[in-house]
Each structure stands twice: as C-alpha cells, then as structure tokens.
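S.K.: Now for the letters of each chain:
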Amino acid sequence: MAKQKSKMICPKCGDEMNHHADKLVEPVRPEDLKHVNPTLSGVIEEMHYCPGCGAVESRRAE
Amino acid sequence: MDSRPLNIPVILGTTRKGRMSEHAARFMVGQIEKRNGVKTELIDICKLPMPVDNAGEGIKDPAFSEKMAMADALVIVTPEYNHSFPGLLKHILDSCLKEYIHKAAGIVGVSAGPFGGVRAIQDFLPVIRELGLVNIFWDVNFGNVGKVFDDSGKLLDEAFVSRADKFLNELVWMAKTLRYGRDHIALDS
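Protein sequence lines correspond, in order, to chains A and B. First residue of the first sequence? That's 1 in the numbering used here, and the numbers climb one at a time after it. First residue of the second sequence? That's 1 in the numbering used here, and the numbers climb one at a time after it.
Hints in this document: simulated from the structure, not taken from any laboratory. Any given hint could turn out to be false.
[Said to hold, decoys possible] Capping the alpha-carbon separation at 27 Å, the derived lysine-lysine pairs in DSS-like fashion look like this:
#1 A/LYS23 - B/LYS147
#2 A/LYS12 - B/LYS67
#3 A/LYS23 - B/LYS166
#4 A/LYS23 - B/LYS176
#5 A/LYS7 - B/LYS90
#6 A/LYS23 - B/LYS34
#7 A/LYS12 - B/LYS60
For clarity, every value in this text was computed on a predicted model and none was experimentally measured.
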C-alpha cells in the first residue's frame, strides 16, 4: 500500500508537520470498512505533529 | 533548543465521592509546579462531560481533546477499585487517540490497602500502550493512602517527595525525548 507523501500543513500555525507514526485502528463506522488494509486487518491512520506549535493531526493513509 | 515549556497535566481518574486520589493528584501537581520549564494543571474527570450513551471518539470533548493534544506527557492518578482502574477513567481516555501518540505517561496508583494500586496499574498498562502512549518504568504507589495524607490533603509521609521526584525525573526525560522525536524524526516510508 502506497503511503501519502504530501506533507500536512498545521491548521493552527501553517508550519509543515512531521509524520511521526502510523497507528492501526479498528474500523468502527461502516464507512471505515472500505479503508481497511486487508494485510494488516485494520485502518492505518497517519499521525502528524507540528514542531511549531505542538498541534496534532491525523489522516488515513492511502 | 525548544523554548516551549513541557506541558504535563495530571489526570485525576476517579469520580467517587470522598476519593483520596484527589490528595495524591494535588500533591503531584504541586511537585510538577516546582520544576522549571514545566507547566501543569489538574484535570478532574469528574468535571468533564461524559455521556454514557456512546463511547470512544463519539464522546470526544473538544476541551479535553485540546488539553491532550497540547500535552507532552500525562500523569494519570488511578485508584484501585476491585483490583482494577475505574471504568470511567477508561471511558474518558478512549475518547481521544491522535492526541496521545508518542507522548509519555506515568501512572500514580492509590489504594486504601497496602499495595498502592499495583494491580490497577498492571491492568492499565495494555490500555496505555494501545492508546499510543509510552509508559515510563517508575510509578508512584500511595498504599494505605489514609495514612499518607490527612483529611485536608496534607502529606504525612515525606518519603513521597523523593519518590515523586524520581518518577518525574524519568517522565520529564521521556517527555523531552518524545517531543524531539515528534518534532524532528519522521517515520520511515
């Protein structure tokens, strides 16, 4: 599965965020099911952190 | 050098009336406040909106979420009830996820009996791990808590000052290290 390569931009301060973790999460909602990685048996959520202001964001890996 | 102070809130993890854990939580806040470059606050789960007709991120409270997002580490004060931690503590922690990832956690156990919450802490560790928090290897265990604080919350056993100091030394080290990682170290792709 290819990872998203575009950097997230902090919605609070506009700095470029650091993608520091991927988290496997259980599909909870019906719409989550189409995002399940069959190899890993869950949805991969990318975790991003802003070095400028400390904000956190996440997005689904594609 | 990062100029932002470390942010280490203390979560008081019980809603029970007459809870002795409040004394332990306020003591930990006081110990953190003595440290330069670290800020803290008490987060009392009793004061958080906590619907029970849903769970997980479905009950996310924006104010609690923001506090967790801006934290570098958490001190979680948990009593031991029936050999485990309170269900409402897990209910509120489960409401966030991205806010916790790669942040440090230290657990403070409280019990009326002699063991200082060790069974609650052992139960709690897998939860901490799954939430993406990084638990330190020091705990503070307030066993026989009725003898550790008086009714007003005054500490009666000064040994807890040095125990808390060791715990906080490790927690601050881990918080600084993980912040550096979140700031600068990208996940390999």
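S.K.: Each hint should be assessed against the structure and marked as holding or not.
M.R.: Going down the list of hints, with the structure as the test:
1. A/LYS23 - B/LYS147: The hint is violated at about 43 Å.
2. A/LYS12 - B/LYS67: The given pair, whose Cα atoms are some 15 Å apart, holds under the 27 Å limit.
3. A/LYS23 - B/LYS166: Since the Cα atoms of A/LYS23 and B/LYS166 sit roughly 31 Å apart, the hinted pair is violated (cutoff 27 Å).
4. A/LYS23 - B/LYS176: 22 Å, holds
5. A/LYS7 - B/LYS90: Violated, at about 33 Å.
6. A/LYS23 - B/LYS34: 35 Å, violated
7. A/LYS12 - B/LYS60: Since the Cα atoms of A/LYS12 and B/LYS60 sit roughly 19 Å apart, the hinted pair holds (cutoff 27 Å).
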